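Asker: For reference, the chains in residue letters:
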Amino acid sequence: MSVMKRFSMIFRAKANKALDRMEDPRETLDYSYQTQLELLQKVRRGVADVATSRKRVELQMNSLEQSSNKLDKQARDALSAGREDLAREALSRKSGVQGQLADLNTQYTSLQGEEEKLTSASQRLQAKVDAFRTKKETIKATYTAAEAQTRINEAFTGISEEMGDVGMAIQRAEDKTAQMQARAGAIDELMASGALDDVVSGPRDDIQAELDRMGASHDVDGQLERMKAELSQGSAPRQLEGSAGASDGQPAQPAQAAQPADHQAGEGQ
Amino acid sequence: MIVRILGEGQLEVDDSAADELNVLDAKLEAAVEKHDEAGYRAARDALLERVRSLGTPVDVEVLEPSALILPQADLTMDEVRKLLTDEGLIPG
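Here the protein sequences line up with chains A and B, keeping their order.
Take 18 as the starting number for the first sequence in the numbering used here and just add one per residue.
Take -14 as the starting number for the second sequence in the numbering used here and just add one per residue.
For reference, chain A alone in the conformation it holds in the complex (with noise of 0.2 angstroms):
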């Protein structure tokens, strides 16, 4: 049998199956506004709970999008210093982020997609439980028992439908942030162990320390360099003058200083 058909077939049985349950028509309508009501509360719930994962992907990219920026400079640094192992080290973690980074884009997608929908079928559910509410005191102000039970059976087959299809889109939903949430919980857990670069773990950045240490033993063998300079310069007979080898030095500074001051007195004029 048509597909379109059982569809409605089956949200149709669900509807009767209630119906029948109940005994005094006009209390059914009570009752099933009850359980409206509850669904609306329901589904803003969800909306929150969905907003709520989005969030916490959100704050999960930036977090690694920062890493990323932070392991591309890292790469930079360590070429610019001649050493293309860490540069290619730092690269490859980048490459991971970056995987990690578009798994959570889709994720962050899906669960906006989710909120939408949600949020649409809150106010559609909305409208038709206003509805509901209306034809419900109508019916109930107008009609005996018996002469109701028609009319009710519409209305609540009607809503009921609505409530099938948002509950289902409820549970869906439900579903989807759960299964986003393990996956949040790793990524967090991945950044607490260290295996995921993550921009706050210092001490645990071997990459950094490497550079930091290379920083450090450049300008050590910097200062060596220039130690050295002086001392061969002192055994000239001009380190006699002691500090005025530092004056000596300095004259050149604000000669130098000078050229582009002159520069732009000459724009000035």
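Think of the hints as simulated: they come from the structure by calculation, not from any bench.
You may find that some hints are simply not true.
Unchecked claim - Subject to a maximum C-alpha distance of 35 angstroms in a straight line, what follows is the list of computed DSBU-like cross-link-like pairs (lysine-lysine):
| hint | chain 1 | residue 1 | chain 2 | residue 2 |
| --- | --- | --- | --- | --- |
| 1 | A | Lys34 | B | Lys19 |
| 2 | A | Lys22 | A | Lys59 |
| 3 | A | Lys157 | A | Lys59 |
| 4 | A | Lys157 | A | Lys22 |
| 5 | A | Lys31 | B | Lys19 |
| 6 | A | Lys34 | B | Lys12 |
| 7 | A | Lys34 | A | Lys152 |
| 8 | A | Lys152 | B | Lys67 |
| 9 | A | Lys193 | B | Lys19 |
| 10 | A | Lys22 | B | Lys12 |
| 11 | A | Lys193 | A | Lys34 |
| 12 | B | Lys12 | A | Lys193 |
| 13 | B | Lys12 | A | Lys31 |
| 14 | A | Lys31 | A | Lys59 |
| 15 | A | Lys22 | A | Lys193 |
| 16 | A | Lys152 | A | Lys59 |
| 17 | A | Lys72 | A | Lys90 |
| 18 | B | Lys67 | A | Lys22 |
| 19 | A | Lys31 | B | Lys67 |
| 20 | B | Lys67 | A | Lys34 |
| 21 | B | Lys19 | B | Lys67 |
| 22 | A | Lys193 | B | Lys67 |
| 23 | B | Lys19 | A | Lys157 |
| 24 | A | Lys72 | B | Lys67 |
| 25 | A | Lys111 | A | Lys90 |
| 26 | A | Lys22 | B | Lys19 |
In this text, all values refer to a predicted model and were calculated from it rather than measured experimentally.
Guided by the hints, dock chain B onto chain A, whose structure is given.
Answerer: What follows is chain B alone, placed relative to chain A:
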């Protein structure tokens, strides 16, 4: 007749479209029966597109059950199968 697209709402479609929709629906059904995921997707999307272009949205205040109900665009074939066997996809 009123047609519902799950997750989207109800549309009023002229009864004269029934034959055309049934042809598309038969393709959907055949695909689901054969576990043909690609065929399912194609048939589902064709059906959705046709109903969307033919239908006009039903006023949200209307409390009437739908004659036909369609799976929405992101409902997988597995979900449709579960729904058809009524394995609790509709809560309550």
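Asker: Now tell me if each hint is right for this structure.
Answerer: Consistency of the hints with the structure:
1. Proposed proximity of Lys34/A and Lys19/B is supported: the alpha carbons are some 31 angstroms apart, at most 35 angstroms.
2. Of the pairs offered as hints, the one joining Lys22/A and Lys59/A holds, with about 28 angstroms between alpha carbons and a cut-off of 35 angstroms not exceeded.
3. Proposed proximity of Lys157/A and Lys59/A is supported: the alpha carbons are some 27 angstroms apart, at most 35 angstroms.
4. A distance of roughly 32 angstroms separates the Cα atoms of Lys157/A and Lys22/A; the hinted pair therefore holds under the 35 angstroms criterion.
5. Restraint check for Lys31/A and Lys19/B: satisfied, since their Cα atoms lie roughly 27 angstroms apart, inside the 35 angstroms limit.
6. At roughly 31 angstroms between alpha-carbon atoms, Lys34/A and Lys12/B fall within 35 angstroms of each other, so this suggested pair holds.
7. For the hint pairing Lys34/A with Lys152/A, the CA-to-CA distance comes to about 21 angstroms; that is within 35 angstroms, so the pair holds.
8. A hinted pair counts as satisfied when its Cα atoms are at most 35 angstroms apart, and Lys152/A with Lys67/B qualifies at roughly 34 angstroms.
9. Distance check on the hinted pair: Lys193/A and Lys19/B sit about 27 angstroms apart at the alpha-carbon level, within 35 angstroms; holds.
10. Of the supplied pair hints, the one linking Lys22/A and Lys12/B holds, its CA atoms being roughly 14 angstroms apart against a limit of 35 angstroms.
11. Pair hint Lys193/A plus Lys34/A holds up; C-alpha atoms about 29 angstroms apart against a cutoff of 35 angstroms.
12. Taking the CA atoms of Lys12/B and Lys193/A, the gap is about 29 angstroms. The hint holds against a cut of 35 angstroms.
13. A distance of roughly 27 angstroms separates the Cα atoms of Lys12/B and Lys31/A; the hinted pair therefore holds under the 35 angstroms criterion.
14. Between the alpha carbons of Lys31/A and Lys59/A the distance comes to roughly 20 angstroms, so the proposed pair stays at or under 35 angstroms and holds.
15. About 28 angstroms separates the Cα atoms of Lys22/A and Lys193/A, which keeps this hinted pair within 35 angstroms; it holds.
16. Distance restraint check for Lys152/A and Lys59/A: the Cα-Cα separation of roughly 23 angstroms lies within the 35 angstroms cut-off, and the hinted pair is therefore satisfied.
17. As the CA atoms of Lys72/A and Lys90/A are separated by approximately 27 angstroms, the hinted pair is consistent with the 35 angstroms bound.
18. Proximity of Lys67/B to Lys22/A is assessed by CA-CA distance (about 15 angstroms); at most 35 angstroms being required, the pair is judged to hold.
19. Under the criterion of a C-alpha separation no larger than 35 angstroms, the hint pairing Lys31/A with Lys67/B is consistent with the structure, at around 15 angstroms.
20. Our distance criterion of 35 angstroms between C-alpha atoms is met by Lys67/B and Lys34/A, whose separation comes to about 20 angstroms.
21. Of the supplied pair hints, the one linking Lys19/B and Lys67/B holds, its CA atoms being roughly 15 angstroms apart against a limit of 35 angstroms.
22. Note on Lys193/A and Lys67/B: the hinted pairing holds, with a Cα-Cα distance of about 17 angstroms set against a maximum of 35 angstroms.
23. This hinted pair does not check out: Lys19/B and Lys157/A have alpha carbons roughly 50 angstroms apart, beyond 35 angstroms.
24. The straight-line distance between the Cα atoms of Lys72/A and Lys67/B is roughly 32 angstroms, inside the 35 angstroms bound, and the hint therefore holds.
25. With a C-alpha separation of about 10 angstroms, the suggested pairing of Lys111/A with Lys90/A holds against the 35 angstroms cut-off.
26. Under the criterion of a C-alpha separation no larger than 35 angstroms, the hint pairing Lys22/A with Lys19/B is consistent with the structure, at around 19 angstroms.
The structure fails to meet hint 23 from the earlier list, while all remaining hints are met.
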